[in-house]
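Novice: Listed below are the residues making up each chain.
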Amino acid sequence: MKKETSAAFIWLQRHAAMIRKELVQLLRDKLLVFFLIYAFSMDIILAGGSISLDLKNASLWVRDLDHKVESRELMQRFQPPAFRLKGGVDNAHEIQTMMDKGEAMATLDFGPGFSENIHKGRQATTLMQVDATNSVLGTLAASHASHIVFQFSLEKAQERLAKAGAASGGTPSIRDAHRVWFNPNQRDSWFMSITELLTIITVFAVMLPATAMVREKERGTVEQLLVSPLSTWQIMLPKILSMTFVILLGTAVSLFCVIRPIFHTPIRGSLPLFFGVTALYVFTTSGLSLFISTLARNLAQVGLLTILVLAPMLFLSGAWTPPEAMPGWLRFAMVVSPLHHYIDTGFGILLKGAGMEILWDSVGMIALIGGIMLSVGAWRFRRQFH
Amino acid sequence: MNIQRIAAVMLKEWREIVRDRLFFILAFVVPASFMLLFGYGLSMDVEDIPMAVLDQDNTPLSRDYAYRFMGSRYFDFKGMTPSLKQAEPLLLDNKLRLILIIPDKFQENIIAGRTAEVQTIIDGTFPFRAQTSKGYVAAINGEANMELLAKVLAKKAGMTQEAAREAVQPVKLAVRYLYNQSCQSIWSMAPKIMMVILMITPPFLTALGIVREKETGSIYNIYASTVTRPEFLLGKLTPYAVISVLNMLILWLFAVRLFGAPFKGNVVFFSLASILYVVCTTGIGLIISVLVRTQTAAMVMTAILTIAPSVLYSGVIIPVSSMGDAAQFAASTLPATYYTEVVLGCFLKGVGWSILWSRIAILGIYAIGLFSIGYVMFSKRPSR
Numbered sequence: 001m002k003k004e005t006s007a008a009f010i011w012l013q014r015h016a017a018m019i020r021k022e023l024v025q026l027l028r029d030k031l032l033v034f035f036l037i038y039a040f041s042m043d044i045i046l047a048g049g050s051i052s053l054d055l056k057n058a059s060l061w062v063r064d065l066d067h068k069v070e071s072r073e074l075m076q077r078f079q080p081p082a083f084r085l086k087g088g089v090d091n092a093h094e095i096q097t098m099m100d101k102g103e104a105m106a107t108l109d110f111g112p113g114f115s116e117n118i119h120k121g122r123q124a125t126t127l128m129q130v131d132a133t134n135s136v137l138g139t140l141a142a143s144h145a146s147h148i149v150f151q152f153s154l155e156k157a158q159e160r161l162a163k164a165g166a167a168s169g170g171t172p173s174i175r176d177a178h179r180v181w182f183n184p185n186q187r188d189s190w191f192m193s194i195t196e197l198l199t200i201i202t203v204f205a206v207m208l209p210a211t212a213m214v215r216e217k218e219r220g221t222v223e224q225l226l227v228s229p230l231s232t233w234q235i236m237l238p239k240i241l242s243m244t245f246v247i248l249l250g251t252a253v254s255l256f257c258v259i260r261p262i263f264h265t266p267i268r269g270s271l272p273l274f275f276g277v278t279a280l281y282v283f284t285t286s287g288l289s290l291f292i293s294t295l296a297r298n299l300a301q302v303g304l305l306t307i308l309v310l311a312p313m314l315f316l317s318g319a320w321t322p323p324e325a326m327p328g329w330l331r332f333a334m335v336v337s338p339l340h341h342y343i344d345t346g347f348g349i350l351l352k353g354a355g356m357e358i359l360w361d362s363v364g365m366i367a368l369i370g371g372i373m374l375s376v377g378a379w380r381f382r383r384q385f386h
Numbered sequence: 001m002n003i004q005r006i007a008a009v010m011l012k013e014w015r016e017i018v019r020d021r022l023f024f025i026l027a028f029v030v031p032a033s034f035m036l037l038f039g040y041g042l043s044m045d046v047e048d049i050p051m052a053v054l055d056q057d058n059t060p061l062s063r064d065y066a067y068r069f070m071g072s073r074y075f076d077f078k079g080m081t082p083s084l085k086q087a088e089p090l091l092l093d094n095k096l097r098l099i100l101i102i103p104d105k106f107q108e109n110i111i112a113g114r115t116a117e118v119q120t121i122i123d124g125t126f127p128f129r130a131q132t133s134k135g136y137v138a139a140i141n142g143e144a145n146m147e148l149l150a151k152v153l154a155k156k157a158g159m160t161q162e163a164a165r166e167a168v169q170p171v172k173l174a175v176r177y178l179y180n181q182s183c184q185s186i187w188s189m190a191p192k193i194m195m196v197i198l199m200i201t202p203p204f205l206t207a208l209g210i211v212r213e214k215e216t217g218s219i220y221n222i223y224a225s226t227v228t229r230p231e232f233l234l235g236k237l238t239p240y241a242v243i244s245v246l247n248m249l250i251l252w253l254f255a256v257r258l259f260g261a262p263f264k265g266n267v268v269f270f271s272l273a274s275i276l277y278v279v280c281t282t283g284i285g286l287i288i289s290v291l292v293r294t295q296t297a298a299m300v301m302t303a304i305l306t307i308a309p310s311v312l313y314s315g316v317i318i319p320v321s322s323m324g325d326a327a328q329f330a331a332s333t334l335p336a337t338y339y340t341e342v343v344l345g346c347f348l349k350g351v352g353w354s355i356l357w358s359r360i361a362i363l364g365i366y367a368i369g370l371f372s373i374g375y376v377m378f379s380k381r382p383s384r
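Protein sequence lines correspond, in order, to chains D and Z. Quick note on numbering: the first sequence equals residues 1 to 386 in my numbering. Quick note on numbering: the second sequence equals residues 1 to 384 in my numbering.
I should point out that these hints are in silico values taken from the structure, not numbers from a laboratory.
If you anchor each label on the Cβ, the simulated ranges turn out as follows:
hint : chain 1 : residue 1 : chain 2 : residue 2 : range
1    : D       : M42       : Z       : S379      : 26 to 34 Å
2    : D       : L65       : Z       : K264      : 23 to 31 Å
3    : Z       : E117      : D       : D361      : 29 to 37 Å
Note that the Cβ used here is the ideal one computed from N, Cα and C, for glycine as well.
Extracted from the complex, chain D is given alone in its bound form:
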């Protein structure tokens, strides 16, 4: 009995010593510490503060050959934030040059008979030319513009009906009231700051344990570890645990010092749950890092392997692009990516205030995929020493 407790004590003591060694080693790399701090603070401030996927200040030029009330009234409706009416142009050639230079995002063309057509009861057309080099903004601009013109058109039609007396007794209409949940004003900063935090957590989870391990290989200190009375678990586990601890610390800093006070992003769900899931995610994703560390012999290789793994994970996670729009086979790849489930859980807890009763399946997937990654990583890790 006594022997067993002392064995457990030694086991714990060895872990503690190794964790301390990893943390000291990390802290001594001043630049790495600096970038850890930068990533969890400034980087999130930058991403949350300035990125928005909305159409803003699209510069609009007008070629008005009509010069009547109607054309002027319609063009005045193209207002900020979406559009910015820049002025008038006279000839088509000038428009082309401005589009080529990127000075104009869109142009609106009113033909000579525009208002006359409206008065005579014919259909009047205005032409909009949109720069579609950025297809997202091209479609957004077109959709905004058709909404504006549609509204204008509907008002003119109602005026006309009222004049003709056809509208007596009222005209039926459907009014749509939309409510946007979880982020009522659609603040991009709420979305971007959380996305960036989850991204950075992933970057470090994949990168740190592998670099810590391969650095030992490169410097030869791994030989020291091997001749010490440590088991492979006792070499591996402290590395993962210490990095998980550092990442959780960074997460806490950015949640409480950046995301909440600066962007006023609401945290609606349970914080212990969020940190619990994050710990689980970081801990299991380290399996991927261990796997990389067994493939690479030097840090340069770690670097390339890490970006090879990270970039698809980030781009295909649904963090930056709407996941519903992906083709089928990529959607399948997404299901396998732990980041996808972590993002669902992260947004679920932080923004939506969901609890385990709703998120159990995503958390389960993180545990499952992470468990597999960790086992494979650990297996490869142990095998390389034999």
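Fit chain Z to the known structure of chain D by using the hints.
Specialist: For chain Z alone, coordinates are given in the frame of chain D:
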């Protein structure tokens, strides 16, 4: 400057790269696989939004209205829901993004010529998707309103349906997309992905290559040798720049052949700009390598300095003109911003020297500037 010594350093570096099999393969595989992955996967289209309908009216007219959503390719109809209580958890769980609620008396109100209200609840976690969904809803609703109006007009004024439809829409907007007529996402993405990849990989390769010598200590051979600073830097960096230029060609082929993006510009102009850009990004790698001592730090620093800025600030997702002031300033300091204009100009717009000459000049200044900074900061007599 001694050509022979430069060649010797170059050869040594090249051998080192080629002998590290995994590194050499990855130097080509990483950019190519990124291009494939992002080219196929990075779509900003908002389609197939999962939605449910809560029809409290359950009349022919309400079903007609709901059908407008179900039949749209923008929405993916998941089913009717008996109550909001049952739909809410699905919204929390990302199984639904939108719920359409049609309250009772919908049909009654319309027949009586009053305003009928409907409500949509949209998941706002991803603002861009919420915004776009709102646009779709507004368009569908507008269409429905127009048809209602046309029906009334047809009945009261005795017109045909077609004439009535035209009469209720006195003004129409015709949209023409320039440069990318069918507004294909991949046409605008493929050239920009090229820019992103060429922003990320050259600094990675370069910084790791130089810091590796520092960390393993082999740089002392250089410190002790007769090779001068410019000779060392030129010899050391050229192989990495060459790899990156080769990558640029491969990526260009992918963009044009595989993704079918049109290339309308001048090949000479584009090559010159691309080489300058690759030299710039290699220079960023040089500066990083001077600043850091360990390869870990080099990787982290490169990742932070290149990935986020190139994706977020250089106009890949949103153009510089619609950014906030701080972001616009950040964008103007990045060579990637200027190269984005060049790739878009060359691929889609077909413009060249006359409009974009200043971009080339700026890239050239950057290249010279970055290398001068790297040259000044790199010392053969390190203080520690």
